[in-house]
Amino acid sequence: MIRHLFKLAWNRRRANALLLIELVACFLVLCLVLTMVAQNVIHWRKPLGFEYENVWRMNLLVPNSRVFSGPTETDDLWKGHDRMMLALRGMEEIEAASPLDINVPFSNSMMSSTTPVNGSPATVRQNLVTPEAMDVLRLELIAGRWLENGDEFLEWKPVVVTRDYARLLFGDENPLGETIVTYRADGTVEEREGKEKRIVGVVADYRPRGELFPAEYAEFYHVRSEMEETWVPRHILVRLLPGTPRSFEEKLVRSVQQVLPDHTVSVSSLATERESTLRSNLMPLAIYGTIALFLIIMAGLGIIGVLWQSVTRRTEEWGVRRAFGATARSVRTQVIGELMALALIAVAIGGVLFVQLPILHVFRHVPWAAYVVAFTASLAITGTFVLVCGAYPSWLATRVHPAEALQYE
Amino acid sequence: MLKNYLKVAIKILLRRKFYTAISLFGIAFTLMVLLVVVSMADHLFAPLPPEVKLGRTLQISWIMAKKEEGERKRLYQGSPGYALLDQCARDIPGVENMSIFSDLGTATTFVNGEKVESRIRYTDGEYWEILDFDFVEGGPFTADDERDGHFVAVINEATRKRIFGGAAAVGRLLSADGRQYRVVGVVKNVAKTRLSAEGDLWVPLNTVPSQEFRNELMGDFSAILLAESKDEFPGIKAEYESRLAHVDTEGMFDTIDGTAMTRFESAALTFGRGESGKPDVRQAVLVWAAMIAAFLFLPTINLISINVSRIYERSSEIGIRKAFGASSLHLVGQFIVENIFLCLIGGAVALAAAAGVLGVIEKMDLVPYADFTINFRVFLYALALAVFLGLLSGVFPAWRMSRLHPVRALHGGVR
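Protein chains in written order, with our numbering: chain H, -14 to 394; chain C, 413 to 827.
Source of the hints: derived by calculation from the structure; they are not laboratory data. Where is the CB? At the ideal position from N, CA and C, for every residue including glycine.
Residues of chain C clear of chain H, computed beta-carbon distances all greater than 12 Å:
id, residue
1, K419
2, D503
3, P505
4, E538
5, G550
6, G551
7, P552
8, D560
9, F563
10, K573
11, G578
12, A580
13, R694
14, A735
15, F800
Pairs of lysine to aspartate or glutamate, EDC-like flavour, derived with a Cα cap of 20 Å:
id, chain 1, residue 1, chain 2, residue 2
16, C, K527, H, E260
17, C, K527, H, E78
18, C, K527, H, E258
19, H, K182, H, D149
20, C, K604, C, D777
21, C, K604, C, D783
22, H, K236, C, D589
23, H, K182, H, E163
24, H, K236, C, E526
25, H, K236, C, E529
26, C, K600, C, D546
27, C, K527, H, E235
28, H, K142, H, E204
Just chain H, with the same shape it has in the complex (with noise of 0.2 Å):
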C-alpha cells in the first residue's frame, strides 16, 4: 500500500516537483525557527547563578582613567574609590556593595580574555570583585571558599572559577588548590604577566548576560590582587534592603557626586536591565516567528489550492476506484497517503539538508538538544500541517459520483 503510493506520487513527478519543493521550504523554515526556540527555551529553564532582584548598578565616568593608553597618577582615584565605598557602606538602605569592573550583569559590553586551554582557545570572562561580591550577587559556591579581605595581599592571585570553566581546565579532578596554566597549541607553558593565580573555590554556573545565553567560564578576584595603576573600577553593584523606593537613587547619586565631585555618577537597576536586554534579545525572535507563520499559512493555501486543482483533474480516476468499488474512504486516503508520501519525502530531503547545521557547526552555543527537540516538532507540525492541508481536497473527491466521473468530458 505504502509503496503503491510512493508509485503514485512517482508517477505525477512533473506535478509534484514545485509541491515538494514548498514543502522542503516549508520544513526547513519550520527547523530554523524551531531550532532558536528550542535553544532559547533550553536556556531558559537553567539557573542564572546570581540573584539580581534589588540589585542596583552605579556607573562612574571616572576623569584621568586611561584604559588603553600609558599609566596615569592613580592613587588618588583609588583613594576617592575607596571614600565612596565607605559612603556606600554608611547607608542604611545599602546591604552590601562591591565593584564589578567592566563586566556588568545584563550588559552587552565585557572584558574577556582569549587564551588558549589546553590546546583551545576559551573566552573567559574575568570579574575583578571584592569579598562583599557575595553578598551582592548571591552566587551558589559549590567547592571551596569564596574570596576574603586580605586575598589582594598575598603573593598569589587567589580565584574562584565557575563550575563549567573547573572542568574545562582540571575535568574530573579536584580543582582546589590549582594553578590556572594555559597552554600553547604546541604544547609549551605560556608565562603569564603578574601573580600567578590558583583556585580557592568553585562557584555553580553563573549567566550574567542573563536567562537566555549559556553559563560562561568566568574568574573572579580581588579588585586590588594586582594592584593596577591604570584605573579604577568604574561600576559599582549595590545590594539594597527589599522595599527601598526607586527615590533612593537620587539620595545614592548626590552622596556619591559629594564625595567624588569630579565624577559623573548614573543608576540603574538590573531588573530593569534584564528586561531591556531580554526585550532586545527577543524582539528578533519574534519577528522571525511571525514572519515564518505567515509563510508557511501562505504555503498552505498554496497547497490546498494545487491539491484542489488536481484532485479535479483527476476525476475519472476517482470514478474508475468508485465503480470498481473503493470506498470514500479509501479515496480518501488515496489523496492524503499521496500527500504523505510528498511529505515525507521532503521531510527526508529537508532532514539532510538541516543536520548539515550542527555538523558543520553553522551556529555556535547553540545545543545539540536544541536541534534535535526542533526537528521532532518540525515532523510533527509538518505532519498536521498535511492532514489540514489534505483534509479538504481529500474530502472533494469523495463527493465524486461514480457515473458522473465516468461520462467525464
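Once you've looked at the hints, dock chain C against the given chain H.
Quick look at chain C alone, frame taken from chain H:
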C-alpha cells in the same frame, strides 16, 4: 493589446476567487515585509534632515587596533578617541568642514525627585554647521562657546517636555549630572536612524568634567567630514588612512586600521569586514541579496505552483489561441503581463499594509522618534519589487503554458 490582456486577466482573476485570494495574500504579504525593510533602510541611508548633506559626508566611527604577542592577541574594535581624530582627520585637503563629537552617553537630571535620563552628546561648534537641525526656538551654540567652555546646551523637544513641561526653554537652566547648563536652543526630535545627529541633549566638548579625553587615542568619539564634493572621497580616505598608519601608540598596538566611510559603507561593515578593517561593500551587498533571496524563495515557489496549476483551468483558451496561430512568445508575454498585473495589485495592498506596520513600529517606539512615512522613493521600490516578483513567478508557468499542445489543450485534458 495590453488592454485586452488586462481584460482577460480581470475575468480570470474573478473566475476562481479562492485562487486569486491565495495568490494576492502571498504577494501582498511578501511585498509588505520587503517594503518594511526597504523603507527602514531608506531612512537609514537617505539624506534626510538633519543629515541633508549625507551625500557629501564621510564619517569616522570605527577603528580596529591590533597587537600580537605570540598567541596572545590584543584587539580593540570600536570608536576612535579624540586624539586620534584630531591627529588624523583634521585639515585633510578636499574637506570643506569637519566635526568631532562624542558618542551618546547618559546624563541624569532630577525633576521634582523623578529621574530623567537624556542621551547626551558633547560636540564642537562645527557640528551645527555640517548638520542642518530644525530649531523650534533659539539656535545652536558656536565654536566660540565651545572654545571658551560656556555651559550652554541644545535640547530636543522631547527633553523640553520631560524637563520643562513643554514650556519655552531658551535661557532657562538645566542641570545634567549636577552641572548647570543654560539652554540656548531647542531642536525637533531626531530619529534614531540619523546616526550622527540623534540625541536628546547637546553640550560643548569643553564642558566635559575632565579634558583628559583630548589625549585618548581610542574610544567614545566620532567625526564627520564634509567633502567639497563626492569626487574627493577617495583622496580623503587615502589621506586619513596614511595618517592612521603613522599614529604613535607608545607600543600599545602594532597597527591601527580603519577608514572614513559613507553611511552605506559603515552599514556594510557589519556584514562584510574585509581585511584591515575596511568595509567590503561587495560582500555585504551579496549577503543582503542572499538574505532577500532566501526570504523570497518560499513565496515564489508557492506562486509558481499556484500559477502552474491554474494553467490547466485555461487549457481550452490556450488551445484556441494556439489553433488560431498565436505564437508561444505571444502566450508567454500575455501570461507574464497578467502575472505582473496581479503583483501590482498585491503591491498596492502591500504598500498600505506596510504603512500600517510602520505605524505600529512607530507607536511601539522601537526606533525612537522615527517618522517612517512612505515616501516617493519607497513607492518606486514597491513598484520595482512587484514587477520583479511578477517576472520571477511568471516566467516558468508561462513557459509551461506555451508548450501545451493545441490539440490536447483543446481536448481539455493535459497531464
